[in-house]
Amino acid sequence: MGTQTYRSRLIFYSSVLMVFLIGTLVYSYSYTRAIILEESERNLTHTVRLLQSQIESERNELLRYAGIVSDDLRIQEYMFVVVRVGSDNEPLLKLYERLFGWLPIDRRVIIGEKGDVLVGAQYQDLAAWVSKHRDRVSEKVFYFEGERGLELVAVAPIVYQGEQLGLMAVSRTLNRAWLQQKRQNSGGHVFIEKDGKITISTLGDSSRSDFEINDGRLHLGDDTYRVNPMELPGLDDSMPHMWYGVSETAIVQTLHKHGQFTLMLVVVGGLAIFAVGLMIFRNFNRPLSRLITLTEEITEGRLPVMVKSEAQNEIDVLANKFADMLQALREKQTEIDRVHKQLEKSAITDTLTGLYNRRHLQEIFPKLRSQAQRDWRCLSVILCDLDFFKKINDQYGHLAGDHCLVHFSKLLKQHSRSNDFLYRIGGEEFVILSICKDTDGSVAIADKLRMACADSPVVYRGKNIPLTVSCGVSFSTPDDPHDTALQRLLSRADKALYQAKDEGRNRVCIYQPSADVETPGAQQTAHQA
Amino acid sequence: MSSSVNHSYRTWASAVSLVLLSLSTIQARAEDDENVISGAGAHFPWVIFDSVKDDLQKIVSKKIVLYGKNSMLGQGCNAAVKMAKQNTVQHETFGFVCCQIGDEEIKREGLTVYPLAQEPLAVILNKANPVANLTGAQVQKIFKGEIKNWKDVGGEDRPVVVITRLHCKDRVTDWKKILPTDKEFAQERVDVSSDDDLVKRVSDFAGAIGYSGTTWAREPNLAIKQISVDGVAPTAAALKAKTYPYYRNLSAVTNTTPSKDVLNLIREVQSGKAFRTAAKQYELLPVHTVEQ
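In the order they appear, the protein sequences are chains A and B.
Here the working numbering is used: the first residue of the first sequence is 7, the next is one more, and so on.
Here the working numbering is used: the first residue of the second sequence is 269, the next is one more, and so on.
Next up, chain B with everything else stripped away, as it sits in the complex:
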């Protein structure tokens, strides 16, 4: 009789232990999720967040996981919107975009946009190309295909190879600063799907011309260079002075109910010390506005 009671007791104790263990595992996972803030989006704001990630983690006391280094398909601005919409109390998320999200999209997707900085859109050439400056008109003519040889703009007798990445066509985006619509670009061009491909093409062809953010332009192993437009180099100072024509707006996005930690994190990127260092490094012009 006593043995039977002991056996029953042990069985119940084991079952309770298993339940507690399972609950503790679920709880731990939930706590893990609660202690992580995930972010995804375009490459260029990713560079900013990544460079200040350590400081941000100290501020919010949470682990920050970022996706978007290469801006490949499945990431980029669309990925940023998608990630932002996934934000919950248990799993905090946000996105970062390199294009300007329109009001209609903001309303439709239920987003909140937080401008971070303006990034100069550098016109890049192959290092072998002696041309160091173009006028805005020359840049437009080259991308239109009206200028087909570098000798026409003071360069060597070498055909112009136009490399473009016409992304986010439905948004207000960087390349539209050069030519408003894709139809205006030269027919004989190479249209690539990522900035990674774009800078590599420019690096491979001596006569190539393309455009990219200043963060990409700083890749050391590529044979590319930034040139001045109308004698103005793509710098934060030039953007501030509004003397350089091409740029893009880097922003963070959340859904309509971001957590306090996410807001603190974005606010730190907008105006914090760590971000200012990074902005200086990448020629970014910070935008000190919390909400658009």
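Only chain A is shown next, with the shape it has when bound in the complex:
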């Protein structure tokens, strides 16, 4: 539960961080995008105003040029000669070229008071237009669409001695070179449009392209331009119109790059947060989960092995300390087990001979009885008692008696079968408990033991101490439910042992149920060497 909470919190915190990161970047992107678009719009408006101002300056400049010519006394005199006297205009043309040929204008015409062209006859369209509109001279600057396209025309009256003799008109053609000059360093493009078609622009191949404005945008091929019209005084609806546009495609590409960069930041930031979360999970949650699992196993009584790792942080140190603690617990448990086994063994073992004691006999007997009944076999009890053991103690001492007991227990181990249980149940009394098919085997064992004891006297401090044993054997058969109690078997074996003692010792007697008081008809059999 704790791990889940910790993990949930980790996921929650990571998610909050991720949301914060994404939110911040999305806000940053949106804000930057709004700023870029707003600045673009502002730049567009500003540039349009700037261009309008430049064109206005150009209007004034043209007016000044026209004024320079019209105010020149020599020009006025020559005009007078031509217009009023009727002389030919060649001197006027030569004078103009000599005096003002340097003026930075594209075309110039001088019109007489009757509309006749005095200078600039080769510019018929412009001359005809100025001649036709000479009554509008008060407007001074006009836009004119002629053979060369749109032109800016400045007109000034030529007056001599108080009389207007004609008009001086100078023009500048608004061609591509002029547009290029205007848009220089502006970053955008200038378009001249008429009747839905581009007539001239600073773009390479845009002439005659459709000029359709949708929501302030002009689409040309793959590019989109955000365009604003230039408001030029004197440019009426029948004239081409001038527009200035900035490539929105470039802005969109910039924004797209910015968006990609933001997305990359989101991905990188997300991965970083995920990596940090994973690292935290790996460095904190996993070791803690492992510790929790181990604690649960310890609670359940197990002491699992925990491999120590190189301590790199506090969690590793804690885990290693935990492993050390686990190892210490394991060692303590082993010690406890060992002591427990020792105690357990002590409780069921005779300390002098190393044979089982009476407690073990009482504990194991029900199991052996069940096994014997399950296997339809017999249980045999051989009760052994050393003969004249009290005399040995009296004659040789208790240490000699103990030596005799140890000696006999060795004989008991040597001559018993592997599945026999060997007990010392009293001072010099021993029991062999076993599961057997019939009585013969147990009787044989008891007799073999009696003979081995009699044939191997105990050597104690260089003296041979003769030792004999008397044995009583009893059986319980699987078909006799009354013979299954330990006490009964021991009692029967004890009766047989008394019989052997009574008959002169150093012999084996078998309990015969016919001889038993409790079981009349039982016979006792004695084996003597």
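The set of hints was computed from the structure by calculation and includes no laboratory data.
Wrong hints could be hidden among the right ones.
[Said to hold, decoys possible] Here are the simulated DSBU-like cross-link-like pairs (lysine-lysine), alpha carbons at most 35 angstroms apart as the crow flies: (1) A:K100 / B:K416; (2) B:K451 / A:K120; (3) A:K120 / B:K375; (4) B:K331 / A:K100; (5) B:K528 / B:K331; (6) A:K120 / B:K416; (7) B:K541 / A:K120; (8) A:K120 / B:K493; (9) B:K416 / B:K375; (10) B:K337 / B:K437; (11) B:K395 / B:K375; (12) B:K326 / B:K444.
Given chain A, put chain B in place with the hints provided.
Using the frame of chain A, we list chain B on its own:
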């Protein structure tokens, strides 16, 4: 003690040197001014003085500086009067005029006038104009605007362009020989402010007519020509014979106290050898009178 005296001596010596140097500079400038005779005025007498300037400088042993080549505004006859009035002992000046200064002006301005020569006032046409002779009456009618086309006087069918320079209206001047007052000239005319402009206008317009001194008419790069009036060319001989009607009097002017050098200079122009050569070159008729 000795060092202090030396220092004081050096200071006084430096101051005296500076004063002497300043005085010598002022003196040199004064001497320069005294060695220069400045003259200014109308273009036509300027041509005469300029052509004989080397000889005049040898005679008076002074440098002569002349202003008035183009007869532009600020020079001309008025400039001559102004320059003449500036004459002092230290700075000798004189003027030269192309108009006759009247008695009233002479008295008012304190001038002395020295007639030099008569210069023919040539009627000039554009070289493209085939007309080579006009009668005095035709000239007057043309300048009055009564004749408006050259075909009326035997020329091509081309409008007449009248170019005038009506200068010095308060003096007895050359154009008044053609028509006495400016009001008689054609309304549709071009009135220019200098003879330079006048001859250039005539040179530019094939139908133009104007008048100018014979010195201007000799400018080689202009497409102009002099014509005869009543069959008489504008020459010194014609003036002497009084057969050519238009002329002007070229004079020098000084204040009432001209220096001897200035008088010698003017006298040389009136009757000297160098002037006679120049007069012959420009068809001038010298006037051998020292004072009017």
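So, going through the hints one by one against the coordinates:
1. This hinted pair checks out: K100 of chain A and K416 of chain B have alpha carbons roughly 24 angstroms apart, not beyond 35 angstroms.
2. Of the supplied pair hints, the one linking K451 of chain B and K120 of chain A holds, its CA atoms being roughly 28 angstroms apart against a limit of 35 angstroms.
3. Taking the CA atoms of K120 of chain A and K375 of chain B, the gap is about 54 angstroms. The hint is violated against a cut of 35 angstroms.
4. Proposed proximity of K331 of chain B and K100 of chain A is contradicted: the alpha carbons are some 42 angstroms apart, above 35 angstroms.
5. Taking the CA atoms of K528 of chain B and K331 of chain B, the gap is near 15 angstroms; set against the 35 angstroms cutoff, the hint holds.
6. Proposed proximity of K120 of chain A and K416 of chain B is supported: the alpha carbons are some 20 angstroms apart, at most 35 angstroms.
7. For a cut-off of 35 angstroms, the pair hint linking K541 of chain B to K120 of chain A is broken: about 59 angstroms separates their Cα positions.
8. About 33 angstroms separates the Cα atoms of K120 of chain A and K493 of chain B, which keeps this hinted pair within 35 angstroms; it holds.
9. Annotation: proposed proximity of K416 of chain B to K375 of chain B is violated, straight-line Cα distance about 43 angstroms (limit 35 angstroms).
10. A distance of roughly 21 angstroms separates the Cα atoms of K337 of chain B and K437 of chain B; the hinted pair therefore holds under the 35 angstroms criterion.
11. This hinted pair does not check out: K395 of chain B and K375 of chain B have alpha carbons roughly 44 angstroms apart, beyond 35 angstroms.
12. Among the hinted pairs, K326 of chain B with K444 of chain B is inconsistent with the structure: their alpha-carbon atoms are about 38 angstroms apart, more than 35 angstroms.
The earlier numbered hints that this structure contradicts are 3, 4, 7, 9, 11 and 12.
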